[in-house]
Amino acid sequence: MFKQIILPLSLLASVAYTHAAVILSTSESNFSTNQGTALNGQPWAGDISTTDLVHIGQSTYSGRSYSVSPTFGSNGVNNGGINVSTSNSTYWNDATLNSQPTVTFDLDVSTNTQGYDITAVDVFQGWNMNSAMHANQNYTISVSTVGSAVYTPLITVNYNPFGTANDSHHYSHTQVTEDSSGIIASGVDSIRIQFLDPVASGGNSPGIVVNEIDVQGVATVPEPSSAALLGLAGLGALLRRRR
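Under mature numbering (1 follows the signal peptide of the UniProt record, and there is no 0), the residues of the sequence shown are numbered -20 to -1, 1 to 223, in order.
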């Protein structure tokens, strides 16, 4: 079951952001002491989405880029795979994490030209061997909006439930939502996750293993007042042409 922590969301100048608070929900699991069982599915198998905005193959997904290439599993972050494997998980080793790598998901705005309302961001981590610290989560979520190339930070997550360096089969899940409107950010055309150097590291193959990142949301709808103004402008232009 998720534990919930309510955190203030900065009062940002842009109307693209909410002015309430975000909810950080967390959960962790020592899923199995049997590696074969763990390989057949994580404890989060029912939670990982294959229809979220950034899932590979979705019409809303435009592409993904890394600031630093992961050590393995470049597609693991958004392919919806639930098996713990080098193809369904993305691993950055400890040395790479010193550079605080980012993964950026671009959203398709050719149809939804106003961008997207982001309602939840889920991050799943863990591995079936080596260090339990692969499941510790430290990252910052930033977004850019339609018409802007600037990424604005929304929240930094520091969730470190595991301190055992050499235990295995540990997994964690964090979810960021918003407690009032349900919208974390609006008009979004790109979302970036920056992974921070873990608070603690150690054991064999230190670093982090990301099983999946899900971004939930819907197309942004213009405010009624804005839509009305656009309609009036169009009507005015039509009347001028008829004169």
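It is worth saying that the hints were derived from the structure and are not from the lab. Where a beta carbon is used, it is the ideal one built from N, C-alpha and C, also for glycine. There's no promise every hint is true.
[What the hints assert, rightly or not] Just the calculated beta-carbon pair ranges, DEER-fashion:
id: 1; residue 1: Ala129; residue 2: Thr91; range: 14 to 24 Å
id: 2; residue 1: Pro204; residue 2: Gly37; range: 17 to 27 Å
id: 3; residue 1: Ala75; residue 2: Ser39; range: 19 to 29 Å
id: 4; residue 1: Ser90; residue 2: Asp159; range: 41 to 51 Å
id: 5; residue 1: Ser160; residue 2: Phe52; range: 10 to 20 Å
id: 6; residue 1: Asn184; residue 2: Ser67; range: 14 to 24 Å
id: 7; residue 1: Thr93; residue 2: Asn73; range: 37 to 47 Å
Status of each hint after checking the structure:
no.	hint	verdict
1	Ala129 x Thr91: 14 to 24 Å	holds (21 Å)
2	Pro204 x Gly37: 17 to 27 Å	violated (34 Å)
3	Ala75 x Ser39: 19 to 29 Å	violated (37 Å)
4	Ser90 x Asp159: 41 to 51 Å	violated (32 Å)
5	Ser160 x Phe52: 10 to 20 Å	violated (40 Å)
6	Asn184 x Ser67: 14 to 24 Å	holds (21 Å)
7	Thr93 x Asn73: 37 to 47 Å	holds (40 Å)
Violated hints for the displayed structure, listed by number in ascending order: 2, 3, 4, 5.
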